[in-house]
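Below, each chain spelled out in residue letters.
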Amino acid sequence: MTKEAPDEFSRWTKEKWGASQLPIGGTVPYHTAYGYKTGDWSAFKAIIDKEKCISCMNCYYYCPDSAIIMDGDLKAECDMDFCKGCGICSKHCPADAIEMRRVTR
Amino acid sequence: MSGVRQVVGMTGDEAVAHAVKLVNPDVVAAYPITPQTIIVERYSDFVNNGEVDTSFISVESEHSAMSACVGASLTGARVFTATASAGLALMYEILYVASGMRCPIVLAVANRAFSAPINIHGECTDQLVCRDASWVSLFGESAQEAYDETILSFKIAEHPDVMLPAMFGIEGFIVTHALERVETLSKQQVEDFIPASRIVRDRFCPDENKTFGSLVLQDYYMEIKRQQEEAMQNAYKVTEDAMQEFSEMSGRKMEIIEKYQLEDADYAFVSYGATAGNAKAVVDRLRAKGEKVGALKIRLFRPFPSMDIFQALSGIKAATILDRSATFGSPGTIVQTDIASALYGKENVPSLHGYINGLGGRVLTLPEIEEVYEMSKEYNNIGMTSTTDWVGYRK
Amino acid sequence: MSIVLPKVSVKDLQEWSKLGEVFTSGHRLCAGCGAGAMARQVTLAAKALGDPYMFVNATGCLEVASTVYPYTAWDAPWLHNAFENAAATASGAIEAMKSMQRKGLMKERNVNMIVFGGDGGTYDIGLQSLSGAVERGHDFLYVCYSNGAYMNTGIQRSGGTPQGAATTTSPPGTVIPGKIEWQKPLAEIMAAHDIPTFTASPAYPRDLMAKVQAGLKHDGPAFMLVDSPCNLGQRYAPDISMEIAKLAVKTCFFPLFYTYKEEWTLTGISSRLAKNPDRKLPIEDYLKPQGRFRHLFKPEWKKKLIDIQDTVDEKWERLVKKATCV
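Protein chains in written order, with the numbering used here: chain A, 132 to 236; chain B, 13 to 407; chain C, 350 to 675.
Everything labelled a hint here was simulated from the structure, so no lab data went into it.
Only true hints are included.
Reference excerpt, derived from the structure (chain A facing chain B, CB under 8 Å, subset only):
hint	residue
1	Gly149
2	Ala150
3	Pro154
4	Ile155
5	Gly156
6	Gly157
7	Thr158
8	Val159
9	Tyr161
10	His162
Positions of the beta carbon are idealized from the N, C-alpha and C atoms, including for glycine.
Next up, chain A with everything else stripped away, as it sits in the complex (with noise of 0.2 Å):
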């Protein structure tokens, strides 16, 4: 799954709409926040082996950033896209399946 804001508004941040082309009154029509990745915003990422996984979703209920996605087997995956890498979900993950890992740009 990919989380990306729509077309249109890639257009509207790209180009800097101006007084004409904004909607009135600071409305913002449609949800645009997968457009802005907080990804980078940390030294580090959470690692997750999924074969540890137990599905007991304390990640993800804890993850303040929606960065874990449960896929189609209920085990977690981490969104680095958005991921800060605060490390909740590796404190509080009782099979030890995620270990936070500092990452190299």
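Take the given structure of chain A and dock chains B and C to it, following the hints.
Frame of chain A, contents of chains B and C only:
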């Protein structure tokens, strides 16, 4: 054209309530404050007697009144509220939210003096100081004008080229509580004038995943505010057209500015609201004495009708501006400074003499207005192009 | 009439993870923010009910960080008006929709309205608006996520700041060690309006989500106070947010309960602690990991720590006395 005209005796507040009843808005959220109370009391009667199907939200403050109006308006509903003085001041923060989020809310203001000292009587400062809040702003002279402007305001505010809130003011007690003759409209006339359909806009409702009230920073804030200025500029033409249509529908002439005996005049009174009635009465008295004087009444205060005022005052020697509002340390009365800006640099324009008067419901008598008129002539004779005085108080 | 908490199982949690996010990635809350977890749990609990939902948000961290224009992390109808008026704003929207439904201008159906406010927007500046809206009986669930200070403006003291906590306007001075006063009893104040009132913690999602659903199912206003850990303002490492939140419950500093009229019911860990008092942890366990309480561990403020423990105990005992356990 209207059929048989019905005439009813009503106070200004009652006139507003009856006009709102014909509009039957979806939501009225209001808090009581003298001298606005009759509006919400009468409207509560209509609601509780099943004469309207409005949701009446009896909120715990004016701040919440305007806040509820914003929430209601964004769902696409037709919304009305009313307040005065301290209540309007308490709403002030949310006035900007209402216009910034483009909510066509209609607000009746029973113009009343600000505290302190606490006073419950007529004065227009409350509404005038909201001039920069991006609200269409009108004043009414009588119960009739209150009635008419109530209905007109919905038409202006909800126009797709405007989509801004609108307020109109009538002076506390002087108009709000005075029993006057009011020609009413029929339900059908109002329904023809204001379409039953609700506004087409982005709506805060279950089917639309839209975000209202974002944090807009340096990169976009000015663009959003500029949209408001364009809407306000559009509001001039929309008001002009709406007044024209209203005049035809009601058989009562309604104009952005009203000119009285100005054609051949050398001198003019400029005023708004109830004072305009006194000004016209003084014009009659002075005309009887052979003075070439007329009166100009401003009904639309925002957007300010600069061009109309320039044209109306062109060729006048001196203008006496009767301003029932207080301002301190200002270069002129509130309305005077606007007029001065409108006339600045133009030829053949009058000297401007502003008079702060009538604060807290003080009456400026007709003889006093005549004295003020003489003062203006005197100032003009000695070449003073702009003066500002307080009149009608004990030194 | 009483409140029935739905049972939320791990199976439910698994199913609800397939619903699709309402409060999504791409917001700018701090890494480790408790409010992010709280908002996700609340919104998913609402979505799981099936009826349409809408959100009104008071000014605060959650509002600011989720809607930096032109980005919005809300895949939902969402409205922010101002700081002190979220409840009033919601009441306007609710009544407008009712009115338009009556007139045939809007489809008739149940809509679940959720209002979010922080402790600043609820304990302090928005309390009047909230109390007024609740008195008028509009059907909404107000969720106050309290992180114990005005975190959004730089960690100033609020009516929800715990006693002894250091904030930028209650700094740990040489004479006064942080905030002097205890928190305003907000849950009790709201409960006194005779509305269902819940406390919850994002560290216990099943408890929190069950309460959200119970609050939304109730016809009329309901209130929920959430303890929302804040690593920035409470000063601890981001990865222990949920541990801090758990300690607040395990020390009985923030008991989990719900109440409606005269019924008080302890839930989850709090219920177990009432039955097994010896498992209650000392308040120091909650205070010590947080930088905002560090000064209290200096020898000169020993008395302060004892006072705080006494107050926690006294409040907890009072609650246990009137509450039943589940």
